[in-house]
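A.B. asks: First to last, the protein sequences are chains V and X. Take the first sequence: its position 32, counting from 1, is numbered 54 in my numbering, and each next residue is one higher. Take the second sequence: its position 121, counting from 1, is numbered 127 in my numbering, and each next residue is one higher.
Everything labelled a hint here was simulated from the structure, so no lab data went into it. Since this is a predicted model, take the numbers as computed values, not measurements. Any given hint could turn out to be false.
[What the hints assert, rightly or not] With a straight-line cut-off of 30 angstroms between C-alpha atoms, the simulated DSBU-like cross-links for lysine-lysine are:
{"id": "1", "chain 1": "X", "residue 1": "78", "chain 2": "V", "residue 2": "27"}
{"id": "2", "chain 1": "X", "residue 1": "80", "chain 2": "X", "residue 2": "11"}
{"id": "3", "chain 1": "X", "residue 1": "80", "chain 2": "V", "residue 2": "27"}
{"id": "4", "chain 1": "V", "residue 1": "160", "chain 2": "X", "residue 2": "77"}
{"id": "5", "chain 1": "X", "residue 1": "80", "chain 2": "V", "residue 2": "160"}
{"id": "6", "chain 1": "X", "residue 1": "213", "chain 2": "X", "residue 2": "132"}
{"id": "7", "chain 1": "V", "residue 1": "157", "chain 2": "X", "residue 2": "78"}
{"id": "8", "chain 1": "X", "residue 1": "260", "chain 2": "X", "residue 2": "173"}
{"id": "9", "chain 1": "X", "residue 1": "173", "chain 2": "X", "residue 2": "213"}
{"id": "10", "chain 1": "X", "residue 1": "80", "chain 2": "V", "residue 2": "72"}
{"id": "11", "chain 1": "X", "residue 1": "78", "chain 2": "V", "residue 2": "160"}
{"id": "12", "chain 1": "V", "residue 1": "157", "chain 2": "X", "residue 2": "11"}
[As the list claims (entries may be wrong)] Here are a few chain X residues that face chain V, going by a calculated C-beta distance under 10 angstroms:
{"id": "13", "residue": "59"}
{"id": "14", "residue": "61"}
{"id": "15", "residue": "63"}
{"id": "16", "residue": "65"}
{"id": "17", "residue": "73"}
{"id": "18", "residue": "141"}
{"id": "19", "residue": "144"}
{"id": "20", "residue": "149"}
{"id": "21", "residue": "206"}
{"id": "22", "residue": "208"}
{"id": "23", "residue": "209"}
{"id": "24", "residue": "210"}
{"id": "25", "residue": "436"}
{"id": "26", "residue": "437"}
Quick reminder that beta carbons are idealized off the backbone N, C-alpha and C, glycines included.
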Amino acid sequence: MVEIKYFMTYYSYIVILFNSAALVLNILPFMGILIIEYIATIFFLIVFFKNFGLVILNFRYINRSDHSYGRWTKNMSWIYILVSIISIFFLCIAPLMYSFLNINNVPYLIIAYIILFGIGILLAAFDLKCIGQPKAWK
Amino acid sequence: MSLIKKILKYFLLILGYLILLWGLYTGLLIVFGKLFTIFSTLVNCLFPALACYSILFYPIIILIMTRLHGKKRKLWLVPICFGLVVVSLNSLPLIAGTQKPIIDGNAQFAQVFGANYMDKIPQELKSKFMKTPFDFWKLYNNYESFDCNVTYDIPYLKVPIYNDVFKFDYYCPKHGTGPFPTIINIHGGGWIIGNKGFPENRPQASKYLAHQGYVVFDIQYGLAHFPNMTIGNTKLDDTLGWVQGLLGRQLTNKSYSVLEQIHQVLGNFTHFLVSNASQYKVNLSCVYITGNSAGGHLTECFIGWNNTYRSIFPTENITIKGLIPFYGVSNFADLMYMINDPLLGLIGNPIELMKEMFGGDLSNTSFNNLISPVTMVDSNAPPILLLHGENDELVPVEQSRELKDAYDANATNPAILIEFPFVGHAFDYIFNSPGGQISLYYIERFLAATRYA
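The whole structure should be built from the sequences, with the hints applied where relevant.
C.D. replies: The structure is reproduced here in structure tokens:
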């Protein structure tokens, strides 16, 4: 248990760092800094799956019956899944709106990234809160 | 676990498996091209482009389902294995499908225009080109706006007696006085539906090209309809009218056969262009034609500018620099099997229907030659860039291959054929899809190379 707590601590910090970086990197090209497009793409994919790693770890090790932190962390994991589905759905609809209706997607895309990566950061923050709470672990 | 929770769990599990089954269906469709008739043909039009999102979407479904299977860990393998197959199949257009057209396109461009053809293109134009054939980031981020002036709904033809008016949208570069090289963009829709501009005819591509210094005319033309035909109790025209309404257009008062459509595009519109060249900043010695599907066929009909349609085309005034048809029919003789299509049988006598639609009997060789571009290829045929999806079930890729062969045998100008694996009809409709990006990458180079290389 001690090992997994250590692992989760580092993993959560990395998730926060990567999500913040991905958020910045994916928003900057909208402001004309196109040179970072490739890095932004790579970060997007890494962070997307890294966050899922955290969700899987939460499902495996976090204790729902801890009403203070455990329950909220697990709920946040489900919220993250829900938000991911909505974000991916939006990313999927955006090219149709752009191609057929000529709708400028920038504000919606920025909102989608803020929500997706923002909830990733929030999820990792909840995990860090759980570290000092023995009841929050299975 | 309460009853409601149990019901919810099983509902989500069933829903998850249904989503994975749908994913398997679309995945197999991407690999094999056709499964289960007309529905798959329609799905195959847009789905390969949307399937690029499957690498993000299906892992979420797999994760939820493994969670819902709870502690039965052996059961986890079912959604995981099933899901991995689905993800692999659906990501084929993105991962494997982007490589072949790029390798093929680069090789053909180097062969036709020379290995250093890009050096001959002015730097000012080159600086506006796409840097790579496919940009992964753009696939998920559709936001660019291209600087140009657009004027909508300019009439160019009024048909007396019937009172039908045909219009075009005009895309013009924001800077410069012209005259500019000109592109005529012809929409698709099987000669019976479709409209210029939003939402159908690739408006972003028109803007993109206008931004590069071309004037683009996105034109309407008369479409066929069938006032006397019904499906069951429904008039066929009511259905066509409804579809047209969705595309922002009404049914015309007269039904225009394919032959009349060719005359409108090759004759009426080109004459309008000649008469109004200075007003619309048209460079008549540098005209390109592009179109998709039925518009691709009409584009290919410009091959006959100096033979079959010499009498209607303003030969002395316009120089066609190139043609860019997407998945157009080039030889109707190969498509006669369509007459046996059970869907046509539902509407009425397929032969009569075809006669009404095309303006003649397709089984008659001389009429067939009149509307089949493959028969028009001679030494005067303009350079052509053919773009076709390998899984196209509406217009098989063999149609473009046949036209390329005819060019290789009879024409002095080059024909380039780029085939896109794992995609079907309308693969370019989503602007930043792999097909959309790669086709535009080669279009801009084709336009420039035919002028400068």
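A.B. asks: Quick check on the hint: residue 436/X CB to chain V CB, less than 10 angstroms?
C.D. replies: holds, 5 angstroms
A.B. asks: Does residue 437/X meet its interface restraint, that is, does its C-beta lie within less than 10 angstroms of any C-beta in chain V?
C.D. replies: With Cβ-Cβ at 4 angstroms, under 10 angstroms, it holds.
A.B. asks: Need the status of pair residue 80/X, residue 27/V: alpha-carbon distance at most 30 angstroms?
C.D. replies: Judged against 30 angstroms, a Cα distance of about 27 angstroms means the pair holds.
A.B. asks: Please verify whether residue 213/X and residue 132/X have alpha carbons no more than 30 angstroms apart.
C.D. replies: holds, 17 angstroms
A.B. asks: Please verify that hint: residue 73/X, Cβ, nearest Cβ of chain V, below 10 angstroms or not.
C.D. replies: holds, 6 angstroms
A.B. asks: Hint residue 61/X vs chain V: min CB-CB distance below 10 angstroms?
C.D. replies: holds, 8 angstroms
A.B. asks: Checking hints one by one. Is residue 209/X an interface residue toward chain V, by the C-beta closer than 10 angstroms rule?
C.D. replies: holds, 6 angstroms
A.B. asks: Taken at face value, is the distance from the CA of residue 78/X to the CA of residue 157/V at most 30 angstroms?
C.D. replies: holds, 25 angstroms
A.B. asks: Checking hints one by one. Is residue 63/X an interface residue toward chain V, by the C-beta closer than 10 angstroms rule?
C.D. replies: Residue 63/X check passes; min Cβ-Cβ to chain V is 5 angstroms, inside 10 angstroms.
A.B. asks: Does residue 141/X pass the interface hint, meaning its C-beta sits closer than 10 angstroms to a C-beta of chain V?
C.D. replies: Residue 141/X check passes; min Cβ-Cβ to chain V is 7 angstroms, inside 10 angstroms.
A.B. asks: Going straight from one Cα to the other, do residue 78/X and residue 27/V come out at no more than 30 angstroms?
C.D. replies: With Cα atoms ~25 angstroms apart, residue 78/X and residue 27/V stay inside 30 angstroms; holds.
A.B. asks: Given the hinted pair residue 78/X and residue 160/V, is their Cα-Cα distance within 30 angstroms?
C.D. replies: holds, 18 angstroms
When each numbered hint is compared with the structure, no violation occurs for any of them.
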